[in-house]
Amino acid sequence: MKLCITSDGKDLDSSVEETFGRSPYFVIVDTETLETKSIRNTAMRSGHGAGIGAAQIISDEGAEALLTGIVGPNAFTALKAAHIKVFEGASEFDSIKVALEKFKKGFYKEATVPSGGPGGGRRFRGGRW
Amino acid sequence: MVDAGLKGRILAALHRKPLDIPIIAITGGKGGVGKSTISVNIAAALSEMGYRVALLDADVDAPDDHIMLGITLEKPLDVTVNVPTIDAGKCTGCRRCVDACRRNALFQPGDGVPILIGDCNGCEACMLACPEDAIRKERKRVGETYMSERDRLLLFTGRLMPGAEESSMVVNALRNRLHASGGGSDVVLVDTSPGIHCNVINALRGADAVYAVTEPTPLGAHDLERTLKLLLAIGLRARIILNFSDLPGPREKITVMAKAFDAEISCELPMDDLLLKSHVEGVPAIIMFPDAVNSTSMRRIAEDIAREYLQ
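Just so you know, the protein sequences line up as chains U and L, in that order.
Those letters in the first sequence? Residues 5 to 133, by my numbering.
Those letters in the second sequence? Residues 778 to 1088, by my numbering.
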């Protein structure tokens, strides 16, 4: 399965980014072959609809599942329309590698409803608190 | 950067006047400086002088002029914008609509036609981009306009639906309503929102004179500078009305700024409990307290407008 993990950098040692739409990078890992690819999130600085734009990017990349901190309602609707599974609860204190290990052990459960509010990423990126 | 030719065309469109009636705008960067109070009083004064006045309450986020005038809003009309619905039969999945959307409101799943998910503001770029004519327009209500009449005063009020973002669209609808129904007026007064956003710019379109209202406080000075910069950018000359003029604040900041922007301070209104009282009663001060100092000053502004534009 092609799993997309939100990331603050390009490789497996980067930290997980907890927001989806405003995540700087996406690391896409094939969970069988462990082949990885990273792409920049060009929707990150959108004035509106970063989550939907981000969903378009990972859908175009053929992602089948997403692992992140939280997903807002608009992005969630887009991801569902593209049949991309959503796993929430990843922590920024984990590297992509650690998050991937946890994922394989079934640490994260699939989200059936969105947990974040729209525009939530914009608040997040203002700074950690 | 915008090229010079385009900028010229934008400015020309901004100054176009569909009605041959003088338009006087009352604006200002800061909220609560008295734009609406001054607008309704000038409107009442001009109306008292026998002119037919159209007052546009273009502060569509918080329109209060009717409250200050004691007028009930009448003749509501919906303001709608067109949002896209995509005809699956005609759509070829070329994705031009998705790419055209600056708000990322449209999403195209790998195997299907684009769907509208995000917050569409009705700009219709997707409809222009679609080569297959596969996008139908569906209406979304974003606010209302009202037209209320009292003696020689015709009040046009715009009201944005709470939660909607399309304040500019409501201002445009208000202007269109003025153009359709305000033709019999002698003068148009426009009371704008605070700030320098596009709804303010739209409210200033076609203005012959602009009064920028402010107060001698650090906030008033800061926000006035932004208004003066906006007016300079769109080629409108400002006159300043200094409200609460006896506040012990940084007056000299305002005077220096007025000089720098070549804007005269055309009126000073000291703090006055009578204005507050007229607020509470919903009767303009110039009618309730005709002899008050500020009533005289505001009547003088109306006389200046009449002398300059209504002869």
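Bear in mind the hints are in silico, worked out from the structure with no lab data behind them.
Since the model is a prediction, treat every value here as computed from it, not as a measurement.
Incorrect hints may have been included.
Computed cross-link-like contacts, DSBU-like style, restricted to lysine-lysine with a CA-CA straight-line distance of at most 30 Å [to be verified]:
1. L/K1054 with U/K84
2. U/K41 with U/K113
3. U/K108 with U/K84
4. U/K101 with U/K14
5. U/K84 with U/K109
6. L/K1054 with L/K1006
7. L/K1036 with U/K84
8. L/K867 with U/K84
9. L/K867 with L/K914
If you want the ones that stay clear, here's a sample from chain L, every Cβ over 12 Å from chain U, calculated [unchecked claim]:
10. D855
11. R872
12. N881
For each residue, glycine too, the CB sits at the ideal point set by N, CA and C.
Against the structure, the hints come out as follows:
1. L/K1054 with U/K84: Cα-Cα ~57 Å, so violated.
2. U/K41 with U/K113: Satisfied, since the Cα-Cα distance of roughly 24 Å is no more than 30 Å.
3. U/K108 with U/K84: OK: U/K108 and U/K84 at ~22 Å, within 30 Å.
4. U/K101 with U/K14: 12 Å, holds
5. U/K84 with U/K109: 24 Å, holds
6. L/K1054 with L/K1006: Violated - the C-alpha atoms of L/K1006 and L/K1054 are around 34 Å apart, more than 30 Å.
7. L/K1036 with U/K84: 59 Å, violated
8. L/K867 with U/K84: Roughly 24 Å separates the two Cα atoms, so the pair holds.
9. L/K867 with L/K914: 14 Å, holds
10. D855: 24 Å, holds
11. R872: Since the minimum Cβ distance to chain U is about 9 Å, L/R872 lies within 12 Å and the statement is violated.
12. N881: 3 Å, violated
Hints 1, 6, 7, 11 and 12, counting from the list given before, are not met by this structure.
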